[in-house]
Amino acid sequence: MIALLHNMRIFLIYGVQIYRYVLLAYFLLSWLPGGYQSSLGQFLIRVCEPFVGLFRPYIPNIGMISLAGMVAFLSLRFVEIGIDGIFRTLIQLVR
Numbered sequence: 001m002i003a004l005l006h007n008m009r010i011f012l013i014y015g016v017q018i019y020r021y022v023l024l025a026y027f028l029l030s031w032l033p034g035g036y037q038s039s040l041g042q043f044l045i046r047v048c049e050p051f052v053g054l055f056r057p058y059i060p061n062i063g064m065i066s067l068a069g070m071v072a073f074l075s076l077r078f079v080e081i082g083i084d085g086i087f088r089t090l091i092q093l094v095r
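Just so we're aligned: 67 in the working numbering is position 67 of the sequence shown, and the numbers increase by one with no gaps anywhere.
No lab work stands behind these hints, which were simulated from the structure alone. Don't take each hint at face value.
Claimed, not checked - Derived Cβ-Cβ restraints for the label pairs, each shown as a range:
id : residue 1 : residue 2 : range
1  : Pro-57    : Ile-91    : 34 to 42 Å
2  : Gly-63    : Gly-34    : 19 to 27 Å
3  : Leu-4     : Ser-38    : 38 to 46 Å
4  : Leu-5     : Phe-43    : 31 to 39 Å
5  : Met-1     : Met-70    : 36 to 44 Å
For each residue, glycine too, the CB sits at the ideal point set by N, CA and C.
Construct the entire structure; sequences and hints are all you get.
This is how it looks when you write it as structure tokens:
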């Protein structure tokens, strides 16, 4: 049971980390002219925009800069910390 919880913890944390790297690529692609017109850009829009779009109505823009992406990126880190804490607690309870 402990091994299953540990493996689930690792799987979820790695999944969140991979998504954070995908978000980083999405943000960096915005600096390239025509970056979102490529097939990679279209894929990143389909994968990242629904999550970043959750924050857009609540986070104001500063001029032409949207802070929603930074908040989304940081929120994934908090989710990662939460997953780690929950699974560590569950593992301690099972022991």
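Check your understanding: When the hints from earlier in the document are held up against this structure, which numbers fail?
Key -> none
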